[in-house]
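Asker: Below, each chain spelled out in residue letters.
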Amino acid sequence: MKIHVCVKQVPASNETLLDPVTHTIIREGTQSILNPFDAYAVEEAVRIKARCGGTVTAFTMGIPAAEGILRRVIAVGADDAVLLTDRAFAGSDTLATARTLAAAIRKKGMPDLILCGKMATDGDTAQVGPMLAECLSIPHISDVAEIESVNEEKCTVRKMTDDGYVRLEVRLPALLTVLKEINIPRLPSVSGVLRGEKAGVGRMTREDLGIDPETTGLKGSATRVVSTERPVPARETVWIEGTPEAQAGQLKALLREEKIC
Amino acid sequence: MHNSDLIRKMSTEYADYLFDESRTMGSADFIAFPANEAELAEVIRRCAEDGIPLTAQGALTGLAGGASPERGLVLNLQRMNRILGMRKDADGTVYVRVQPGLRLAQLRRALAVKDFDVRGWDGQSVEVLKEISPGQLFFPPDPTEPTASLGGMASCNACGARSVQYGCTRAHIHALRVVLADGRIASLERGVQRAEGRKIRLPLTDGSILEAELPPFETPDIKDAGFFIRQDMDLVDLFIGSQGTMGIISELELKLMLAPKHLWGVTAFFPDDECALSYVRAVKGRPDPGVPRFPRPAASIEFFDKNALDMVQRQKAVTPAFRQLQELPEDYCSAVYVELNDDDPAGMPEVLEALSAVLRATGGDPDRTWVARDALELEQLLFFRHSVPETIDLIVEENRKNEPCITILSTDMAVDDGHFDELFHIYKRDLEASGLHWIIFGHIGENHVHPNILARNRQEYEQGHRIFEKWAEDVHRMGGSISAEHGAGKIKRRLALTMYGPERMRQLRTLKRTFDPQGILGPGNIFPPEITEGGEQA
Amino acid sequence: MLNGLEPGGVWVYAEQGTDGIRPVVCELLGQAVRLAGELEQTVTAVLVGGTEEQAASLATCGADRILLAEVPDEALPDERTHTEVLERLAEKYQPAILLLGATAFGRSLAPRLAARLGTGLTADCTGLEIDPETGLLRQTRPAFGGNLMATIVCPERTPQMATVRPKVFPMPVPSLNREVRVIRERIDATEHCFEFLERLPSADETDIGAADVLVSIGQGIGGAENIALAEKLARRLGGTLSSSRPLVDSGVMPYVRQVGQTGKTVAPKLYLALGISGAIQHMAGVAAKTIVAVNTDPDAPIFGYAHYAIRCDCGSFLRALLEKD
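Protein chains in written order, with the working numbering: chain A, 54 to 314; chain B, 1304 to 1841; chain C, 7 to 331.
Quick caveat, the hints were computed from the structure, so don't treat them as lab data.
All C-beta atoms, glycine included, are put in the ideal place defined by N, C-alpha and C.
The hints are all genuine.
If you anchor each label on the Cβ, the simulated ranges turn out as follows:
| hint | chain 1 | residue 1 | chain 2 | residue 2 | range |
| --- | --- | --- | --- | --- | --- |
| 1 | C | P176 | B | G1650 | 53 to 63 Å |
| 2 | A | G302 | B | S1737 | 54 to 64 Å |
| 3 | B | E1653 | C | S256 | 30 to 40 Å |
| 4 | A | G302 | B | R1703 | 35 to 45 Å |
| 5 | B | A1408 | A | G302 | 27 to 37 Å |
| 6 | C | P176 | B | A1408 | 33 to 43 Å |
| 7 | B | S1436 | C | T196 | 53 to 63 Å |
I would like the entire structure built from these sequences, with the hints used as guidance.
Answerer: Set out below in C-alpha cells:
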C-alpha cells in the first residue's frame, strides 16, 4: 500500500498575529507548527501502514524552513518526505497549490491513497484536498470520520455529512480528507525524533516538476487579494449592571424591544 | 458586623467559597470581595473592630484547606486581578506589579502574547512594556494548576515542577504590599527592609513602626511551604509561606526572567520503579555506576507510578475529557517526565542521543517515549501530567458521596537528595502494607513526590492520616519538610506540629501575636488548636 | 441566444439535502438578484436532479431561470457527478458568477468544480459586491481567524466562484406569481467519487447552523447543573444549545455542537454566550445579529464583540433569567 500525506506548516496561533497597539500583523516570534488537522491524516496513514504494510510519503509546499514539519512527520512514522520549494511557487492560491502538489505526486508515482487534513487552521478554506483530487482525476471523500477497511482496490469509510453520518465505498486510488475525530495522533518517541532529524528530505523545484511557470505561484493563481482591513465592530457594547435578577430583567426587556424573544 | 455592599452576609449563593480544591469544608458568617487595596484594608479594619476572624482566598486551588474558612469572614480576592505596571532595574531585569487575585494563567497569557490592559499604568510602565516582545519574558513557578492565584502561590510558597531549575515562588517575589491585622499597610522590598539579627522594625505606610522579635530557631533549609525564619532575614519573606496568618498580601512585585526559546518534554516508560529512580538520578547529574552522564540540567522531573497510570487509564473509559490522552505503551510500569529547555534547537539531537544512552542504561527504551517539541505537543504531555490530579479529584468527589468527611489526602513532604530513596521506599512499604487505595506521583526532581491516599470510608481516611503522621516523624528525622509546596493549611497542621515541635510552634505563635494580637488572621491555618488555645478564640 | 439565456449571468447552485433544497440556496438567490441587478444580467438556479415543484420554489426566491439537470437518482449527491454536470452547463452557458452554499457538501464540491473549470474560488464569503468600475465580484472573507477581512477578486477567469455559509445573508422576501422558466438538460455523467452503502443513525443530529437562537456555553459555565439550566433556557427560547471548543475537547459536548473556526459557523438572531471567553477562533464562527455575553471576567475578549455585556456568574444569571418567566 503506497500512501501519500499532504501537510502544511501553519502559525501556532492566530492570536499573536495582531499587535495590540499598532494593529499590524506580527510575524516574528510566532512559532510554526504542523497544521493540527494534518496530524490526524499522518496518524491515519501510519496506522494503515502498520495494518497493511507499505510506505508513507509526506508532501508539503512552502519555504525551506517548512522542512521542519516534514521531519516531524517522519518522526511519527512516515518513511520519507518531499518539500516543494521554489520562489516560483510563492503566492499560490489554493488551485495553484493543488496543481503544484499534483505535479509532484505524479512525478513520484501515483499512490493508492492520499490523505489530507480537513483544512488548514490559517487559511480555513478546506479547498486544496478536493482540488488536488480533481487535478489527479481521482475520487475524493471529504470529512472522513473513520476508515473502516482498506485494501489496494478500495476502502470503506464513515463520513460526516450535513445530514448525519453515511458509509461509503471508494475505489482506489482516491483522496480522503479526515476529521479530528478519526484518531488520536501519537507523539514521536526519542528514537523517532532522531530518525526524523537524520532523514534526508527530498526537495523539488518548479524545474524538477517540469511545470509551466504560468500554472503555479502568483502567476498561476486565478484569485487576487485586493485589500485587507480590520473588521469594524457593528456597534458599541452595552453593559447591563446590577444584581443577577436586575440584569436578567433588563436583558429580557432589551431583547423584547429588538423583537428577538 | 452590619451588612453592606462591601461585606455581605453569607448565604447559600456563596456556598462555593466555603471549600478549596482539597474539599475541606469550612463555614463562615460573612463574605467580602474587595476590588482594591483600600477596600481590602477597610474590610480588615472592620473585622478588627468587631474581632471577626478572616480567611483570605485567591483562586481556591489549594490542596491543604488553607483557604477554607474556619468561621468569621471569607476575604475573597478574585476581583483584585489586575496587572498594575512594570519596571526595569539597572541590570535590565523586568519586574511586574500584580494584584493577589490575578491568576497565573492570566499572567502567562499576557506575557506570551503581550496583551496587557494598560489603563491606569504610569508612563514608566508603558515604556518598559513597549520594549518587550511577546513571549520574551516569563514567570517561572509552575504549580501544575494554572488557575492558581499569585497571592495564593505566595502565601504557600508554591513550588511545582520547574522549581528544580528555578526555585520556588519565594525566589521570584521581589516586593510585597501587605495589609496587617489592624488595617495598617506595609510596603516591603527585598534587600531594603531586613531584620537586625532577630530584631524586626517593620515600617508601615502611615509612618508608624511595628517592632517584633523573631523566634530563636531557623526553619528547614530545604524547600518548605511554611514559615521562613532566619537571622537578618528579608522581611518580605515573613509573609511568603505564612498562609494568611501574618498579614494579607495586597500587591506583589514579581521578578521576570528571560524565557527559554525552546522547551521540550520527554515522557519515558520504565519496567519498574527502581529503573525510573536510576533514570531520575542520572538526569539530575548523579548517575549510578555504569550509567552515562546526562549533560543537561532538567527544568522539571516528574514521576508517575503504575497505580497513577492505571488510575488514569481506568478513568479514560468514564471521562470523555481524557479521550485525547496518548495511548500508553504495552506493559508499562512507571513513567518519568523530563522538561528540557534551550535557546538553540540545533542542539536537540545531541541531547536526545545522550538521553537515549541514559534510557538504555537505566532499563528504559528510547522507543517507549513521548517527545514534545512545540507548544501544542507540550500541552499534550502537560495534559497527561494534569490528568492525574484531575482523576484524584473526580475519585475523591465520588468517595465523598459515601463519606462526607473525606478530603484529598495528598502529601508533599521533601527531603534532601541523600534521603530521598529511603523516603520513597518507606512510602511504598507503608502503602503496600496498608491495604488502601493509593498512588504516588509528582515532583521527583526536588525529592517531593505526592503519595495520595484515596480513602473510601471514614476508617480508611483516619488510617491515611495516621500514615501521614508517621511519615512526618520519618521526614523530621531526615531533616526534611512536611510540606514542600502546598502549605500546612488545615489538613496538615498536625504534621506541622510534628515538624516544629510544640515549643517552636508556640514561639511562632508569639511572633504571629505581635502582628495579629486578636488572632483574627487565617484561623486554623498552620497552628493546631492546642497551640492556639487560651485566648485566641474570637 | 441559448434557450433564451444570454451568456454571463449570476448562477446559484441549488443544493439538496435530505429535506429538499437547502435554505442557504434561497439566501444566495437573494444576493444573486442584487448582484445581477447591478450587472444588468439574469439569475439562474442550477438544480441537479429535482422536480418541477422544487424549480418553482427557486423562482419564488428570485431565479429568472432554472436549469434542471436530469440525472439518475442519487442516495447522496456525488461530488464528481455534480462537477461533471456543472462543467457541461458552464461550458454551454458561460456564467459570470457561480455561488454555492458553504455546507459540508458545498465545501467539497466547489473546490473540485473550480479545479475542473480552472477558475478561482473564495471560501466562506461574508460580503459580495460588484466593483462599479470593473464589474468584477468583490468577495470579502475573514482571514487569520477573523483578525482581518480580506477582499478577493478573480479577474481573468470565469465563472467567479464563491461559497457562503448558511445564514450569513437573510432570506429574501418570496415573490409569488413569478414566471417559472425551467430548462431541462439531460446529462449522462460518467464519473463518481463513491458507492453509497448506508446512512448511519446519529446520536445527535442537531444542526446548530440552522438555529435562530443559540445558547452557547464555554468553560466558564461552571458544572453540569449550570449546563442543565442553559439547556432549559435554550428550550424556553425555542433555541439550541451550542458550545465553544474546550467543552467539546473535554468531551462534555459533542462535536456537532461546536461553534467556531474548527467547528461550525453560525448566524442566529441571538447568540447568548455563557462563560465563553471569546477567543478569536471562536468568534470567527459567530455571525449573529445580537450577541449577549455573560462572564465573570470583565476583561474577557467576548465583551469586545457583545452587544449586551453582563458581568455575572452563569449559574446566578441563569437562575435569575429562568425564574422571571
